[in-house]
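Q: As you go down the protein sequences, you meet chains A and B in turn.
One point on numbering: in the working numbering, the residue at position 213 of the first sequence is 247, and numbering is uninterrupted.
One point on numbering: in the working numbering, the residue at position 421 of the second sequence is 455, and numbering is uninterrupted.
The hints are simulated quantities; they were obtained by calculation from the structure and are not laboratory data.
A portion of the hints provided could be inaccurate.
Footprint (simulated), chain B over chain A, 3 or more residues, beta carbon under 8 Å [what the hints assert, rightly or not]:
1) 66 to 78
2) 134 to 141
3) 177 to 190
4) 231 to 242
5) 499 to 506
Quick partial rundown of chain B residues pointing at chain A, CB under 10 Å, derived from the structure [what the hints assert, rightly or not]:
6) Arg48
7) Ser54
8) Ala104
9) Leu105
10) Asp108
11) Arg112
12) Phe158
13) Leu401
14) Ser466
From the derived model, a few chain A residues whose C-beta atoms are all more than 12 Å from chain B [claimed, not checked]:
15) Thr83
16) Ala87
17) Ala88
18) Asp108
19) Arg112
20) Pro124
21) Arg219
22) Ser249
23) Arg253
24) Val383
25) Glu398
26) Thr402
27) Ile410
28) Glu420
29) Arg517
Quick reminder that beta carbons are idealized off the backbone N, C-alpha and C, glycines included.
Listed below are the residues making up each chain.
Protein chains: 2
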Amino acid sequence: MAQLPWRRLRNPYRPIEILSDDQVEAIRDASLTILEEIGMDFLHPEALTILRAAGADVESGSQRVRFDRALIEDALVRAPSSFTLHARNPQHDLIIGGDHLCFTLVASPPNVTDIERGRRPGNFRDYCDLLRLGQSFNIVHMFGGYPVEPIDLPPESRHLDAIHAFVTLTDKVFHGYSLGRERIRDAIEMTRIARGASAEQLLQEPSLFSIVNTSSPLRLDGPMIEGIIELARHNQPVVITPFTLSGAMSPVTLAGALAQQNAEALAGLAFAQLVNPGAPVVYGGFTSNVDMKSGAPAFGTPEYVKATLAGGQLARRQGLPYRSSNANACNIVDAQAAYESQMSLWAAVMGHANIVMHAAGWLEGGLTASFEKLVIDVELLQMQAELLAPVEVNEATLGLAAIREVAPGGHFFGAAHTLERFETAFYAPMVSDWRNYESWLEAGAPDATQRANRIYKEVLAGYQPPPLDPARRDELDAFVAQRKAAGGVRAA
Amino acid sequence: MAQLPWRRLRNPYRPIEILSDDQVEAIRDASLTILEEIGMDFLHPEALTILRAAGADVESGSQRVRFDRALIEDALVRAPSSFTLHARNPQHDLIIGGDHLCFTLVASPPNVTDIERGRRPGNFRDYCDLLRLGQSFNIVHMFGGYPVEPIDLPPESRHLDAIHAFVTLTDKVFHGYSLGRERIRDAIEMTRIARGASAEQLLQEPSLFSIVNTSSPLRLDGPMIEGIIELARHNQPVVITPFTLSGAMSPVTLAGALAQQNAEALAGLAFAQLVNPGAPVVYGGFTSNVDMKSGAPAFGTPEYVKATLAGGQLARRQGLPYRSSNANACNIVDAQAAYESQMSLWAAVMGHANIVMHAAGWLEGGLTASFEKLVIDVELLQMQAELLAPVEVNEATLGLAAIREVAPGGHFFGAAHTLERFETAFYAPMVSDWRNYESWLEAGAPDATQRANRIYKEVLAGYQPPPLDPARRDELDAFVAQRKAAGGVRAA
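Construct all of the structure, not just a fragment, from the sequences and the given hints.
A: So this is what it looks like as structure tokens:
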């Protein structure tokens, strides 16, 4: 399967900015007023202790915390504007921040689908196949979580098998869920083993990241808080992403939803900085709107695009890396799935997101991972990568000699200038079918989704696991066995 | 059918610029060198006379014309940076240039398709139905040509029936083909009658436009030249669009293709200015790449996007309105059609095109007009329109009172702030289906293309012809009858 080579992407273009500087300040100011006057609930006693010690106003007998704006601002001063995220294969190390752009595989759907087998509950076999695809496609820079929830694995040890698979089937950066202290500690330890690093080295080298969603409006749950605390203490990056669906979990107005998003993100990020000043963090944006007829979440809408572009402005205002998503709300891999994804993706890329979550494979508002959508998304991501490669303008590319040679009325197919370059001049698509109608009809008239189906199976068939030091593998196996023998993570 | 109201669109955001100022100058400079040293063929004696009189270097015994760069620059100084294009319904007048954005219906495919009837040669019945849809959808601002070629009409009088249908079935701005002097004169006269205007008034009020493609590389055909001359003399806008497919009709390098595009466009536009200084003109960009394996044209590719964005920079460098397209090379209305169209459309909108040709209904690289694609494109265009509506940031939209009222852990569905706004807060989609999977399955699991099929039939069924002054209608009928009696346009 021809594909683009692995490379780190950088965005050389100016971001699309839809808010004026004044509007950014007004939204930021409102968000700080929210934190000062309304406050946010932190559902964990340790968080309340940390916040009280830092000078936040913890309402007596409750979990409501109010923040002086100076407290937020001072805490965030030390957050790095960019950092390196280390993979077990150093070739796959990533820079998060600045003009860098990283794409993740789909994360967290409960279901999985492909054409032949239809929609089914998540399971470990599909989980592993999706990991193999994420490893195989160079444009997928990292794993943003479980590409599908392997619900056939017991909950107490699921994270052990899932991370074991990340380490053995892939060599890219992966994600650990902040579902309580034990799980995230296991994830950090397995990451350390995978990298063959000491605990001290891991402290210096962020290698595991975690998405923490707030429970909007204005609430951070206990297991998530434990994740933030553990990750920040280990100097591993946390992405705080408010789930501010406008009209449901945040105001129906975009400005209001963004003000609330910014309040929740800054509160969570400031909290991580209070735990460990200077720990790597990322500003997450996930504001979209609901369908006001049904309350169903929508993605890739004009409002979603605006929120994504504005979110980038708010993150940059704070000097933080930015996370967005390639989202859609479609039930099937059709024109809607593609046009909604393109809305989301253009907004993420042109809004200068540094991490684009769910970049490949997300369907149905995140309820399903699709094998065919994954392949189609890889095509979209590769096109964005090509778009970000700057245009070369010089004597050779201006091609006046070729234009002179061909002369008015001629054609360039046979020109030396063409022949020297034609093999690499243009992006060669993976899914797109440019045959003429008759040839395409004769070939069975396959649509893009059917072609994507063929491609994913071809890529899976050609998958080779990346090499892993046997000593690390043994240590990893032993760790998993020992943790399973101890009963894994007990239910709360 | 719920849709956005008619409105003129303006783009409040800064364009995406992928070339540095130096690169723009280098490409422009190369284009002027092409015109100085290589020259361009003008295949019409009248053009050669006009150009020679203006001081261009017409090669003896040939049609090759070379231009001193000062001649090009001086000629273009008088071209307006924007102008009003008058429709027969003044509500549908358009401004072309500046930050204005206009969408046209698909133009010129030889075939037409829909789900039930399949792909078939263009015909007058489908032609009229496509006009009815273009009239019905408010987001379609104008007609860019015949939405499908009505090949069942005899060529000598086809333009008479086709324009008669524009005038009677629609009241928006339309296009006349520059296929020789007689046809474009007929189109101008029918436009005059439709508007109930005098010849003098029409001279002051541009009301008919025409796309003129160069025959790349570096050639302008006779019938097109006659169109330019007639339109410029009547002060009606000409859009000069080089058809510079990179690797076939222009260099395989983007910089070279753009240099050639700019050369051809500037030569054609300067020629129009020499015919009538100050006549309204538009800079057209249509540079894309071919599939180097087959030579087939590709659209919506990364190269296409770059050419579109760069084309906008070149047009603005010259102070001219800019025309681009919503193009794709797909054979069917599937995910590919949607993702390629989104690439083209985002580039056109963010590259600040003033006219987006083929904005609704183009399929198969322009070989087919699709009823379903038309509807899906309308959805894409409406989403762009919503995206261009600036975010409102003020006390009411920041919604602090609502956030206070809902409080941490609540929800906004029932908040007064939500209830006051929910009916108009978000874009209400036409095609997109946001039902949950189970409801969607129960409804027969229709894909976006099937939903679009239903919608186009519904809109056609509800079509009402716009009112037309009976006197104008009579005059128009009489003109067509008289021209047909005279044999129409005789074959060359």
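Q: Against each hint, give a clear statement of whether it holds in the structure.
A: For each hint, the structure was consulted:
1. Figure legend: the region 66 to 78 of chain A, annotated as covered by chain B; annotation consistent (7 residues with Cβ-Cβ distances under 8 Å, at least 3 required).
2. A stretch counts as covered by a chain when three or more of its residues have a beta carbon under 8 Å from one of that chain; for the region 134 to 141 of chain A and chain B the count is 0, and the coverage is violated.
3. By the rule of at least three residues with a Cβ nearer than 8 Å to a Cβ of chain B, the coverage given for the region 177 to 190 of chain A is violated, with 0 such residues.
4. Closer than 8 Å: that is the beta-carbon criterion, and the region 231 to 242 of chain A has 0 residues meeting it against chain B, so the requirement of 3 is violated.
5. Residues of the region 499 to 506 of chain A lying with their CB closer than 8 Å to a CB of chain B number 0, which falls below the three-residue condition for coverage.
6. Nearest Cβ of chain A to the Cβ of Arg48(B): about 7 Å, under the 10 Å cut. The hint holds.
7. At about 8 Å, the closest approach between the beta carbon of Ser54(B) and any beta carbon in chain A falls short of 10 Å, and the interface hint on this residue holds.
8. A cut of 10 Å between beta carbons decides the hint on Ala104(B): the least distance to chain A is about 20 Å, and the hint is violated.
9. Violation of the interface hint for Leu105(B) is found here, the shortest Cβ-Cβ separation to chain A being roughly 18 Å, above the 10 Å cut-off.
10. Interface restraint check: Asp108(B) against chain A, minimum CB-CB distance 23 Å, threshold 10 Å, status violated.
11. A distance limit of 10 Å between C-beta atoms decides the matter here; for Arg112(B) the minimum to chain A is near 27 Å, and the interface restraint is violated.
12. A cut of 10 Å between beta carbons decides the hint on Phe158(B): the least distance to chain A is about 22 Å, and the hint is violated.
13. Among the interface hints, the one on Leu401(B) holds; its C-beta lies about 7 Å from the nearest C-beta in chain A, closer than the 10 Å criterion.
14. The criterion of a C-beta within 10 Å of any C-beta in chain A is met by Ser466(B), whose closest approach is roughly 5 Å, and the hint holds.
15. Look at Thr83(A): its CB is around 19 Å from the nearest CB on chain B, clear of 12 Å, so calling it non-interface holds up.
16. With a least CB separation of 21 Å from chain B, Ala87(A) remains clear of the 12 Å interface cut-off, as annotated.
17. Against the 12 Å criterion, Ala88(A) stays outside the reach of chain B, whose nearest CB is about 19 Å from its own CB.
18. With a cut of 12 Å on Cβ distances, Asp108(A) stays outside the contact zone with chain B, its closest approach being about 23 Å.
19. Arg112(A), annotated as away from the interface, keeps every beta carbon of chain B farther than 12 Å; the closest lies near 27 Å.
20. Non-interface status of Pro124(A) relative to chain B is upheld: no Cβ of that chain comes within 12 Å, the nearest being about 29 Å off.
21. Annotated as non-interface, Arg219(A) keeps its C-beta farther than 12 Å from every C-beta of chain B; the closest such distance is 28 Å.
22. Consistency note on Ser249(A): stated as away from chain B, yet its beta-carbon is not over 12 Å from all of that chain's, at 7 Å minimum.
23. With a cut of 12 Å on Cβ distances, Arg253(A) falls inside the contact zone with chain B, its closest approach being about 5 Å.
24. The beta carbon of Val383(A) is not kept farther than 12 Å from every beta carbon of chain B, the shortest such distance being approximately 10 Å.
25. Interface exclusion of Glu398(A) from chain B breaks down, the closest Cβ pair being 6 Å apart, not more than 12 Å.
26. With a least CB separation of 8 Å from chain B, Thr402(A) falls inside the 12 Å interface cut-off, contrary to its annotation.
27. Not every beta carbon of chain B lies more than 12 Å from that of Ile410(A), the smallest distance being close to 5 Å; the non-interface claim is violated.
28. For Glu420(A), the condition that its CB be more than 12 Å from all CB atoms of chain B is violated, with the nearest at approximately 4 Å.
29. The beta carbon of Arg517(A) sits about 34 Å from the closest Cβ of chain B, which is more than 12 Å, so the claim that it is off the interface holds.
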